Amino acid sequence: MRFTVKADGSLDNFKVMRGLRRDYDQEAIRLLCEGPAWKPGAANGRRADQVVDVNVTF
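Heads up, the sequence shown is in our numbering, so the first residue is 1 and it goes up one at a time.
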């Protein structure tokens with residue numbers, strides 16, 4: 001799963017890199033969105049959007 005952690009900590013731009021089934025893919029996105037807060041990246045001492053790749057195992 002690839003997505004962007006925006007500067008405000010919200011998640012956006014989800015892309016399934018290697019999916020199993022559509023319902024599993026949607027559940028992985030739901031779990032990421034409803035899980036603990038994400039910390040944004042930083043550039044030049046300021047918060048910045050950051051692209052993240054994670055493996056979600058079912």
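A hint or two may mislead.
Unchecked claim - Each pair of labels, with its calculated beta carbon distance range:
| # | residue 1 | residue 2 | range |
| --- | --- | --- | --- |
| 1 | Gln50 | Glu27 | 37 to 43 Å |
| 2 | Ala42 | Leu20 | 15 to 21 Å |
| 3 | Arg22 | Ala43 | 16 to 22 Å |
| 4 | Arg22 | Arg46 | 35 to 41 Å |
| 5 | Gly19 | Val51 | 15 to 21 Å |
| 6 | Arg46 | Tyr24 | 14 to 20 Å |
| 7 | Val16 | Gln50 | 15 to 21 Å |
| 8 | Gly19 | Asn44 | 18 to 24 Å |
Treat the hints as calculated values from the structure; they're not laboratory data. Given the structure is predicted, the values throughout are model-derived calculations rather than measurements. Glycine residues also receive a C-beta, built at the ideal position from the N, C-alpha and C atoms.
_Hint check, failures only_ = Violated: hints 1, 2, 3, 6, 8.
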